[in-house]
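S.K.: Single-letter residue listing:
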Amino acid sequence: MQHRLALEAVLRFSQISMDRKQNPGTQESGTSSPGLKAASRDSLAAPERQAPGSSMESPSLSSKGSDGSASKSLCSSASSSSENVENFESKASQESSKPSPDQPPLLEGETVKGQGYDVTYLCPYSGPTRGTLSVTNYKLYFCSIDREPPLILDVPLGICSRVEKIGGSTSKGENSYGIDILCKDFRNLRFAHKQENHSRRPIFEKIQQFAFPITNKMPLFAFEFKGSYDTEEGWRIYDPQTEYRRQGVPNDGWRITHVNGNYEVADSYPSLLVVPKAQPDDELKHVAEFRTRGRFPVLSWIHPESQATITRSSQPMVGVAGKRNKDDEHYIQMIMEANAQSHKLYIMDARPSVNAVANKARGGGYENEDSYHNAELVFLDIHNIHVMRESSRKLKEECFPAIDEAHWLSKIESTHWLEHIKVILAGAVRIADKVESNKTSVLVHCSDGWDRTAQLTSLAMLMLDPYYRTIRGFEVLIEKEWVSFGHKFRQRVGHGEDKHSDDNRSPVFLQLVDCVWQMTQQFPNAFEFNEHFLITILDHLYSCLFGTFLYNCQMHAEKEKVKERTQSLWSFVNCQLEEFTNPLYAAYVHAHVLFPVASLRRIHLWTGYYCRWNPRMRPQEPIHLRNRELLVLKAQLQRRVQELQKELANKHARTNLQPSPPRMSSPVNV
Amino acid sequence: MAKRFMSYLNNYEVEMKEKGKATFKSYISDIIGDEEEERNEEDSESAEPSPSSVAPESEEVEKSASAFFENLMHPSLLPGEQVICQAENTLRFAPYSDRKQGISGNLFVTNFKVTFVTADKSSYAYKETKQRQRNKLIEDNDIPLTCIDTIYQVLSGGKKRALAYGQTVSSTSKYLEIHCKDFRIHVFGFKFVAKDQNKRATNSIVHHSCPTRDDLLFAYEFGLNGKFKENSQRNQFYEQQGWAKELKRLNGEGRWRVADVNLKYHLSTSLPEYFVVPMQLTNADLQKAAGQYIEKHLPTWCYTYKNGASLVRMSQLLPESDFKACEEKMLSAIKQSSGGTVDVEVMDLTQLCPSLMEIRASGQRLMSLCMTDSTKEFYSFDSSWLSRLDSTQWLQHVATCLKVAANATDIILNKTQSVALKEETGYDLSCVISCLVQILLDPEYRTQKGFASLVQREWVVMGHPFQRRSRLVQGADSEQCPLFLMFLDCVWQLLQQFPSRLAMTETYLTSLWDTQQLGVTDTFLFDSAWHRQRFFREGGKLPEVSLPSAWDWHLQFSEEDILLFNNPLYSLFNSYDLENVIASAKGSLKRAGKSASTISYARSLTEFHGDCEGRKDLFKRPNSDVLLPVSTTAARLQLWSQCYLRWCVPAQILGGGRPAGYLQQCLLVEEVICLDHKLKILQEQKKQRERGRDQFPRPQSGLVFSLEAQSQLNSCHLTSSFPFPAEVTAQTQHKLISGPLSLYLHDSLVEYEFANSED
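Taken in order, these protein sequences are the chains called A and B. Per my numbering, residue 1 is the first one in the first sequence, and the count goes up by one each step. Per my numbering, residue 1001 is the first one in the second sequence, and the count goes up by one each step.
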């Protein structure tokens, strides 16, 4: 049993190499015979990768069983399955060890909901391939039967943005009748069905149903998922009190307030907030009244030495009439005064000034410098969610499936994606620079203060504070600035909803991760995490497997008991940290502020993410693997040196009575 | 002593500051410079009595200080170098300072360089920082005349014009902008320069930057005075045995032979005296055939792969030649020499590759794109950077060259078919492609020594006209072409794609490009072997004329700087015997994989969902020595920023960039080597207690952190331009809070002692 599953896993991995081989247009063909390479891969990889299918102790069983009763914990299922080994082996010899295309590996709580046989997957790189398409309550699983090794697709349904039928029963031509799936992760999938066997309708309906559970009044898969990770609970990574204590708060200038304890002042804010010490809670409510959705200015980060701060809020409700609010003005003054080093405050409005003005018509607007003494207002020119959505749509067109070789750079420029990334980074650099170099506090806001504001504060904090550049620190940063401060993940991503044209959707969080990736490229040894970590976060932003990114705000998540009922993405990450560690990380070199260069000379397209489905984009010799080898070698040598030292010390102790030989001085201090 | 000297300087600096503008002004006024200098010195000397100084020592300090300043106001000259003229009170503007921030000093034009000397302390302090990659032949801010690309004169009205070679300028310049082939811009202010000096300096630079004949180049004077012995170890390929040796190494003996038909260059002045041809062709055959080929570049051997398939290069046949008879005879001879079964694949590079004109235009666009001198200009087209870069076509041309080379390699490797590279002249793109093919095929050419001998053979000896292509003397514009740069860029792309398979670093490649622009090496100065010999014979009647080889890096760089050419990933995985450790590391990975059968589907989701990273490829190496496949997709090619953007101050990443990763790799490798060494000692101790350390001298990694003296690392700041000196403007200076390089050693396993170089 286990063997077969292992084999399946191996074959699944080989898909990548198959893609590369079978793409006739690429350079990659023709170095060595594909069969040879695949075989060597098998023999090498097989012993390393035992487990991957082990959660399904008996595929046929769990595919029939509709509830979670069939699945046990991941570890126990691995051992119990050994009983079936004999049984399997006889079966395997009959089947000549082929993986079973109609038995997808399953997570706990995952069940097969529908299957289509004789479906063709139209791979844009390696051409059409026939096989079985399975739909579970979590994913789409396609396994080809006409290729060796088979091509396997394993796609969480959460990634689907839109599912469409193509062609009708009268459509002519090969592969013109089937299902088209537009994905949120920069790819589309197309399956062709045979008109005559009527397999399309049931499959389409199942995909429709489980890709959009909210629309269909069903729970997201995160609530069905029964798996667990043997690690520190991911939900406990972020504790606001601990994090503020780390920053040195409360202190002389700032205090913790529970004024929003019941989410009455600002329902999209967390319950625990930090405000200037001199500000009484009662008056906070007056300030909140003057800010869109009550999101009054609160502390995000405080400089450990200068006490200069980054605070965040939503826009003031100035309106066309140019309303003023004494409480708000007084409150801003207090934020400035909490920093003794400077008699100035920067208000960084993330928007282009035109947009800020336009917001006045809707009751919003921006601070008038005349009313706010010693405050300087700066517009950072970051465009709104709609512009960004359009840009990412264009980017997807350029990146998938094929790229325009002749005009690639110009095409990328025409999407303006990198230009937006640059403007965001430049804004964050300005904030970090004011805080670090001028020791001046900065208040950041946009309109609502949950999109661009979150991008800016979290990036500036990443530049200023090395803690956030660790894996744990980054998790805290995301939990704090994004999840707890009410970035509307549900709407921006559109979890489980069949509303692909919903104009609340926007790649705001993707942009943040892109900006972080740009920073990791500019400072290759300043971050503890690697590219794989960032891609994993993005994958599970959409997958709906974990509860981390499911809701719009903390209040909502608490109401749904997310922490009790779902797993945290950070549990998944933290139980296998070595997979996400940057081997070049050197904390001591970068224990200071990073100022990335916000110029297109240094900002590159993240092809490892946007073009990752294209096998031609994969590096021949990935440098991160080479670097990781160095780290593994070092660890291995360290271990052996320590063992030997211990051994020698013991030996030495035993023969202690004899005069000891001259002690060798060692060249290294381990 | 050094400390005292520094304090002396500081006093001097304070003194200068106290006097404020008065001193500065008088200094740049029209009074004759030398007197002024003396006065300055007197001033500073009178300011000397520092309370802490003791009499006898202070005298000594004074003496050395005054010697220092005297030296400072004169350029240091190489043997044979002479000052042609000088412009006093010139201002040298800091890059990207928008001509607001300048240092006053004297500009000298010599027969080798344009150099600027100043008494300003900031430039002195800059030297003190001991930047890396400091050239022994030129100072950081010197401009070798051969490196000058274009000179722009800005008149007092603000009008800017390029000065043509041979032009005589009659107007005075307000600014002089010198654009260099190494992508750098130097700006000098001539506002305070006396009128006659102003014109003379401008004209001297124009005239001497591009002489009419090659024996007017500084290299000639340099060669007369220098005694450079050729390293006999290095294969130069000017002699018969050089070719014979290479032929033997590649098992080509018996099928190919070294022909001496061109002895004394009787046959062709563009081919070397010796070259390799198919065995069956006699000298008479060659003589007959040569006349049919353009520039007489008849098919010559480049390389034979293990399977017998060979690479050959040649020029096109003359239009009037008996096409068929000649080419067929040649090709069949090549076929015979490669085993005689498969026909030779002729690749017409004139068709397949961009033309020289296209590459030249592309190179010019690339230069103008990457070279900016004002922050405003830098940001004004930042948002259109990508489309501008696209329209230079540079990366597309690089991709084409790589593609053609990969195809040729594939034919040799997988079809066992010999390839003949055919090109109009036979000495331009053939050099690029034949080198690339050999680098892809043979690991020998990926070592530094092998790479050098490859370039020596395929470019220098086979007659790539370096002098014309980099226009060292006056000639047709159309002859100029940055072909060698394009080749280096191709190699750089390979380095990105195969990070552990080439022994050199990008710093090596960039330094090689700079060396070509230096104009004093035997290697990159001539159009052909014949041309080289003529230069030495006709120019120098004296037998001792000799020029240094570019491959002798010690001519330019210190021992430590040369270490920066070494690729840590290559040296670890290719030079050390770590088999044992790697095997056990592999084993432990497997064990980890097994014991954790908990690495379940639920854990490895990301890999299943499409990401292929992970443990599975660790320590896996391709079976083949060949570097294939090469990726040539536009999305994978990158701009070689170290070479093209290193002087571009606003694009510099302070404390980061590729060098940060490089240094961390160096450190990791150093740690691995240390640990391995320690392990060996311990194992020995375990066996027999007496022996140990002495028996195992610690292996030299040849990396930057293996140095005993780490003091260098402490004064060197890291930027993305590292190891090239980064000029940091005042605006960005406050952001340069990164620590010294020695920080890398902090907490590391590498033993180091902070060597105090003071006194």
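Derived from the structure by calculation, the hints contain no laboratory data. Misleading hints may appear alongside valid ones.
Keeping only pairs whose Cα atoms sit at most 25 angstroms apart, straight-line, the calculated DSS-like set for lysine-lysine is [as the list claims (entries may be wrong)]: (1) B/K1199 x A/K646; (2) B/K1199 x B/K1174; (3) A/K651 x B/K1680; (4) B/K1159 x B/K1136; (5) A/K646 x B/K1586; (6) A/K217 x A/K651; (7) B/K1191 x A/K651; (8) B/K1229 x A/K646; (9) B/K1449 x B/K1229.
S.K.: Determine for every hint whether it applies to the structure shown.
M.R.: These are the hints, each one checked on the structure:
1. B/K1199 x A/K646: violated, 78 angstroms
2. B/K1199 x B/K1174: holds, 10 angstroms
3. A/K651 x B/K1680: Roughly 18 angstroms between the alpha carbons, so the hint for A/K651 and B/K1680 holds.
4. B/K1159 x B/K1136: violated, 37 angstroms
5. A/K646 x B/K1586: Given that 25 angstroms is the threshold and the Cα spacing comes to 23 angstroms, the pair holds.
6. A/K217 x A/K651: violated, 70 angstroms
7. B/K1191 x A/K651: Not OK: B/K1191 and A/K651 at ~81 angstroms, beyond 25 angstroms, violated.
8. B/K1229 x A/K646: The given pair, whose Cα atoms are some 55 angstroms apart, is violated under the 25 angstroms limit.
9. B/K1449 x B/K1229: holds, 18 angstroms
Hint compliance for this structure: hints 1, 4, 6, 7 and 8 are not met, and every other hint is.
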